[in-house]
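Asks: Chains A and B are the protein sequences, given in the same order.
For what it's worth, my numbering labels the leading residue of the first sequence as 29, then goes sequentially.
For what it's worth, my numbering labels the leading residue of the second sequence as 29, then goes sequentially.
Some hints could be false.
Treat identical chains as interchangeable: a pair holds within one or across any two.
[Unchecked claim] The calculated SDA-like cross-link candidates involving lysine to any residue, where the alpha carbons are at most 25 Å apart (straight line), are:
(1) Lys153 <-> Pro70
(2) Lys181 <-> Glu348
(3) Lys153 <-> Gly111
(4) Lys153 <-> Gly256
(5) Lys153 <-> Pro110
(6) Lys181 <-> Glu230
(7) Lys181 <-> Leu51
(8) Lys153 <-> Phe164
(9) Lys153 <-> Thr239
(10) Lys181 <-> Gly47
(11) Lys153 <-> Ala71
(12) Lys153 <-> Ile67
(13) Lys181 <-> Gln339
(14) Lys181 <-> Glu143
I should point out that these hints are in silico values taken from the structure, not numbers from a laboratory.
Please read these numbers as outputs of a predicted model, since none were measured by experiment.
2 protein chains.
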Amino acid sequence: MSEPSYASLACPAPAITSGIIELAHGGGGRLTHRLIDDIFRPAFAVAPDDFTHDGAVLGLESDGQQLAFTTDSYVVRPLFFPGGDIGTLAINGTVNDLAMCGAEPKYLSVGLVIEEGLSIDLLRKVVESMRTAAVFAGVRIVTGDTKVVERGKGDGLYVNTSGVGLIRARSPVAPQRVEPGDAVILSGDIGRHGVAILGVREGLGFEMEITSDCAPLSAAVLALINAGIEIHCLRDLTRGGLATGLIEIADTAHIAIELDESVIPVSDSVRGACEILGLDPLYVANEGRFVALVPPEYAALALEHLQRFDQQATIIGHVEAGEGNPGVRLRTIGAVRALDMLSGEQLPRIC
Amino acid sequence: MSEPSYASLACPAPAITSGIIELAHGGGGRLTHRLIDDIFRPAFAVAPDDFTHDGAVLGLESDGQQLAFTTDSYVVRPLFFPGGDIGTLAINGTVNDLAMCGAEPKYLSVGLVIEEGLSIDLLRKVVESMRTAAVFAGVRIVTGDTKVVERGKGDGLYVNTSGVGLIRARSPVAPQRVEPGDAVILSGDIGRHGVAILGVREGLGFEMEITSDCAPLSAAVLALINAGIEIHCLRDLTRGGLATGLIEIADTAHIAIELDESVIPVSDSVRGACEILGLDPLYVANEGRFVALVPPEYAALALEHLQRFDQQATIIGHVEAGEGNPGVRLRTIGAVRALDMLSGEQLPRIC
């Protein structure tokens, strides 16, 4: 995902003053947010509202059409995994960041940083995956850049994709619009991408192969918009998973989100793998799942549309006023626990 | 520079079928063009005309306004050099790619791939350079992304910047529009960026410090447009330098360009350093220099405007019909020699 939140987040991690970059600074958790708040926001943010989206929403001077603009770098290892590869991921990831702005994705750029020694056959396969994914998502790759770095200065292939889309939502889609009463709808089962990556990386032989959920989300989002559904906020559940995505929204909007754990869809195979690996599926990365926060009167219609794309789409919770106690609460059997943002990530470098 | 030429180039290098990526594939010369022609173009190019710019020019459906869109990754080593750093370079480079489309640069994205262990103070300095460069160039950084890779899997910091601009030129700016008779105007002296980088990298103590020419070119381009000057083609002279930029234009436009070596401005210090290092300044990278190809009746006015930005701006040659003999010819004292595209680059990884 692009930085979802140059927006200020109430992270208790200490301010960054000096030191060195650790892996956790890239993990999408508290340390990433500190880096954003302490280094990037003061330097780049002119207006605080500029940085509350998965991508930027830009006005053009000549008419009312707004653009969405987003960027993402992909450093996934391994390059190929069940259900996709770094090429599929790079296209769908940027398509999804645009969709999360309420935009129709239109144009993509591809920037490659290739390590000397990479197999040209492998590069060709990745490029072919990009082509296929772009056609499937209805976007055009219109500009590119290639750099080659010396052996040992990269990891095979790093891909940056940036994207431009046309805003289709009739009102802004942003965390600040979330209101008490909003329904939280999850678009499908969670945890598959992260577990699929880890399975290959660690050479774990799961009984059933778990494939990544990597997919474009723009068709589902456009279906909601075209159905006239008022959308307050959209968020794809990449690094940090469902929990981190919702915590970011709650912190930005100063509201509370209450989830019902029993209805959150997690496949048996993912649940089993997570138990073996000691992972919480709520924090595991997805690459084809999102949440939509919509006013309660639109919840049933939104669910109906999302279930056409994935039968497992479910209303998993609702928004409450956050006074004094913002954040995300998970209702389990007989208890309610607060979900905290992780410091780093559970799985390094999976998106 | 973004790939200037997914456009077909008449490169005699053999087709890429398999093998591995070499450093020269990223050097901006023949091998880069082979990679583009053999791998990227067949996969990405829907219409052949899509890929003849430094960036893409995109139409919006709702009105006549066109956008420019470009991407570039920066893998420069060292990260700091006389006259700039990777942050300055990343902002100006993408600003310049947009300007070369005849666009006013507006919005930039920043994607960072940071190697674990990078000093946070260094990161802060680079980000501050980006901020300063963006303010100076009149662009806004509106979205970003950060990834951290393991120690030994990067080289401190790789930066991708993508950019969106509004097309201001009244007619297309593209190699295909170049015509016999056009004047070739160079915006200033050449070779400073490449020599500055190499000087630091190799620990060469030049008598006089040579500073990079890194600078935004958008103000100069907009001055030409606002003066009503018809512009056929613009090209910033990055990887591969003046020679490679003009060869690409000549190959795409199927024309010949004749240059007068004696008027091409090269500072004494750059000339001296190039002699010591065995480099041809015509092929050395610049980060704040461009050529404008304009109809002869506009040449004097264009020169007048460009000299307000840099007194060394000069008409260095003109375009001739290319029938049977397209390419770039350099008229030296008593001789004319053809300039060929290099296989790789003279200096690895300087932009």
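Asks: At most 25 Å between alpha carbons: which applies to Lys181 and Glu230, within, between, both or neither?
Replies: both (23 Å within a copy, 18 Å between copies)
Asks: Checking an output row: Lys153 and Thr239, CA cutoff 25 Å. Within, between, both or neither?
Replies: So Lys153 and Thr239 pass the 25 Å test inside one copy only (19 Å; across, 41 Å).
Asks: Given a CA cutoff of 25 Å, do Lys181 and Glu348 count as a within-copy pair, a between-copy pair, both, or neither?
Replies: So Lys181 and Glu348 fail the 25 Å test inside a copy (48 Å) and across (44 Å) alike.
Asks: Should Lys153 paired with Ala71 be assigned to within, between, both, or neither, using CA atoms and 25 Å as the limit?
Replies: between (39 Å within a copy, 10 Å between copies)
Asks: How would you label the pair Lys181, Gly47 (within, between, both, or neither) given a Cα cut-off of 25 Å?
Replies: Both: 22 Å inside a copy, 20 Å across copies.
Asks: Within a copy, between copies, both or neither: where do Lys181 and Gln339 come within 25 Å Cα-Cα?
Replies: neither (44 Å within a copy, 40 Å between copies)
Asks: How would you label the pair Lys181, Glu143 (within, between, both, or neither) given a Cα cut-off of 25 Å?
Replies: both (7 Å within a copy, 9 Å between copies)
Asks: For Lys153 and Pro110, with the copy left unspecified, which applies at a CA distance of at most 25 Å: within, between, both, or neither?
Replies: Intra 15 Å, inter 40 Å, cutoff 25 Å: intra-copy only.
Asks: For Lys181 vs Leu51, is the C-alpha pair at or below 25 Å within one copy, between two copies, both, or neither?
Replies: Both, since 16 Å and 12 Å are each at most 25 Å.
Asks: Taking 25 Å as the upper bound on the Cα-Cα distance, should Lys153 and Pro70 be classified as within, between, both, or neither?
Replies: Answer is between: at 13 Å across copies they meet the 25 Å cutoff, but 41 Å inside does not.
Asks: Is it within, between, both or neither when you check Lys153 against Gly111 at 25 Å Cα-Cα?
Replies: Close inside one copy (14 Å), not across copies (40 Å); limit 25 Å.
Asks: Given a CA cutoff of 25 Å, do Lys153 and Ile67 count as a within-copy pair, a between-copy pair, both, or neither?
Replies: Between copies, since 10 Å is at most 25 Å while 37 Å is not.
Of the numbered hints listed earlier, those contradicted by the structure are 2, 4, 13.
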